[in-house]
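If you read the protein sequences in the order shown, they are chains A and B. Here the working numbering is used: the first sequence runs in plain steps of one and ends on residue 66. Here the working numbering is used: the second sequence runs in plain steps of one and ends on residue 1256.
Do not rely on the hints blindly, as some may be mistaken.
Some but not every residue of chain A turned toward chain B, in silico, with C-beta under 10 angstroms [what the hints assert, rightly or not]:
| hint | residue |
| --- | --- |
| 1 | ASN6 |
| 2 | GLY7 |
| 3 | PRO11 |
| 4 | ALA13 |
| 5 | ALA20 |
| 6 | ARG28 |
| 7 | GLU35 |
| 8 | ILE40 |
| 9 | ASP55 |
| 10 | GLU58 |
| 11 | ILE59 |
| 12 | LEU60 |
Keep in mind the hints are simulated off the structure, nothing from the lab. Glycine residues also receive a C-beta, built at the ideal position from the N, C-alpha and C atoms.
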Amino acid sequence: MCVRINGDNQPFASLTTVAALISLRKLRPETVVVEHNGVILARDKWTETAIKENDVLEILSFVGGG
Amino acid sequence: MEDPFIIAGHTIKNRFLLGTGKFASHLLMKNTITASRAHIVTVALRRIDTQSSHDDNILEYLPKECITMPNTSGARNADEAIRIARIARAAGCGDWIKIEVISDNKYLLPDNAQTIIATEALAKEGFIVMPYMNPDLADARRLCDAGAASIMPLGSPIGTNKGVCMRELIKILVEEISLPVVVDAGIGRPSHAAEAMELGADAVLVNTAVATAQNPVLTARAFSLAIEAGRLAYCSGISASKETAEASSPLTGFLR
Chain A
1 MCVRINGDNQ PFASLTTVAA LISLRKLRPE TVVVEHNGVI LARDKWTETA
51 IKENDVLEIL SFVGGG
Chain B
1001 MEDPFIIAGH TIKNRFLLGT GKFASHLLMK NTITASRAHI VTVALRRIDT
1051 QSSHDDNILE YLPKECITMP NTSGARNADE AIRIARIARA AGCGDWIKIE
1101 VISDNKYLLP DNAQTIIATE ALAKEGFIVM PYMNPDLADA RRLCDAGAAS
1151 IMPLGSPIGT NKGVCMRELI KILVEEISLP VVVDAGIGRP SHAAEAMELG
1201 ADAVLVNTAV ATAQNPVLTA RAFSLAIEAG RLAYCSGISA SKETAEASSP
1251 LTGFLR
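With the rest of the complex left out, here is chain A (with noise of 0.2 angstroms):
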């Protein structure tokens, strides 16, 4: 299936929720948001989230800035 992370559309062979796809990612839990289809994902709701065909996510992290 075809999902939309970060504004690409990346493939994968099986996806089940935002906690595998961050674990998949090897991303640390505690530095990223993740909003999903335009909502904001808190991290206890990660696990129960479902990952389905073409959604929208966005996952960002806090970087030096002005």
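Fit chain B to the supplied structure of chain A, relying on the hints for placement.
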């Protein structure tokens, strides 16, 4: 001398606000923040690069006693700024937000009209809103009405190090606006920061000039001293300049 600096009811311990962009490393940034003694530091929110590793979390390098103020850089209109602010707060960064709405890629000048819209929406949601703006009196008044906690007029365009080119307009804002005035952007040298403070600005936000100096730690210390000196000068009521000379020593009672 008692001279508290208060934003939205919070006593801010230092009039030097520091941006965290462009530092060569997070450790250097951390040491620079310590040297600056800044109480408010800014950060930005960006999409992660899913292809690289992300072990270094900037937030872990920010001193615990600092207020972390995310900015909305990257926003081209009010809606995007509002969205970024909400995400930043959801990420646990607190209620402080620097509104930065820029649609001009060449000079990076802020869009005041969109900034006012975003300020009003976010203030209603309980954010402490500090909008970056073109120094315009009517717009500054609109930002006050919209619920801003301070206004942040630019000294000159972001990253130019040109100093307080907007001097006369900032002076008007200082006179007319009761909210704290934080001069943000374009401050390239400690003398620029001192100049802004002598004009009566309540604080100065610096990033590029510190982060890209050969020795950011030393530069931060220099800015810190300049900002304190400028503030003291303003509070002391320094004399106005004159067009003609006026002797410092008495001209009478000697040899003639």
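Was the hint right that ARG28 of chain A lines chain B, CB cutoff 10 angstroms? At 7 angstroms from the nearest chain B Cβ, ARG28 of chain A passes the 10 angstroms test, so the hint holds.
Using Cβ atoms only, decide whether ILE59 of chain A comes closer than 10 angstroms to chain B, and label the hint accordingly. With a closest approach of 5 angstroms, the ILE59 of chain A hint holds.
Residue hint GLU35 of chain A, partner chain B, criterion CB-CB below 10 angstroms: Status holds, d = 6 angstroms.
Answer holds if the nearest beta-carbon of chain B is closer than 10 angstroms to that of ASP55 of chain A; otherwise answer violated. violated, 15 angstroms
Taking the closest Cβ pair, is ALA13 of chain A under 10 angstroms from chain B? Violated: closest Cβ of chain B sits about 16 angstroms from ALA13 of chain A, beyond 10 angstroms.
Are PRO11 of chain A and chain B close enough, Cβ to Cβ, to be under 10 angstroms, as the hint says? violated, 13 angstroms
Closest C-beta approach of ILE40 of chain A to chain B relative to 10 angstroms, hint status: Nearest chain B Cβ about 4 angstroms off; hint holds.
Does the nearest C-beta of chain B fall within a distance shorter than 10 angstroms of the C-beta of ASN6 of chain A? holds, 4 angstroms
Agreement of hint LEU60 of chain A with chain B interface, Cβ distance less than 10 angstroms: Holds - the Cβ of LEU60 of chain A comes within 10 angstroms of chain B, reaching about 5 angstroms at its closest.
Should the hint that GLY7 of chain A touches chain B count as held when the rule is a Cβ pair under 10 angstroms? Holds, because the Cβ-Cβ distance from GLY7 of chain A to chain B comes to roughly 7 angstroms (cut-off 10 angstroms).
Closest C-beta approach of ALA20 of chain A to chain B relative to 10 angstroms, hint status: violated, 14 angstroms
Restraint outcome when GLU58 of chain A is required to lie within 10 angstroms of chain B by C-beta distance: Check passed: Cβ of GLU58 of chain A comes within 7 angstroms of chain B, closer than 10 angstroms.
Hints 3, 4, 5 and 9, counting from the list given before, are not met by this structure.
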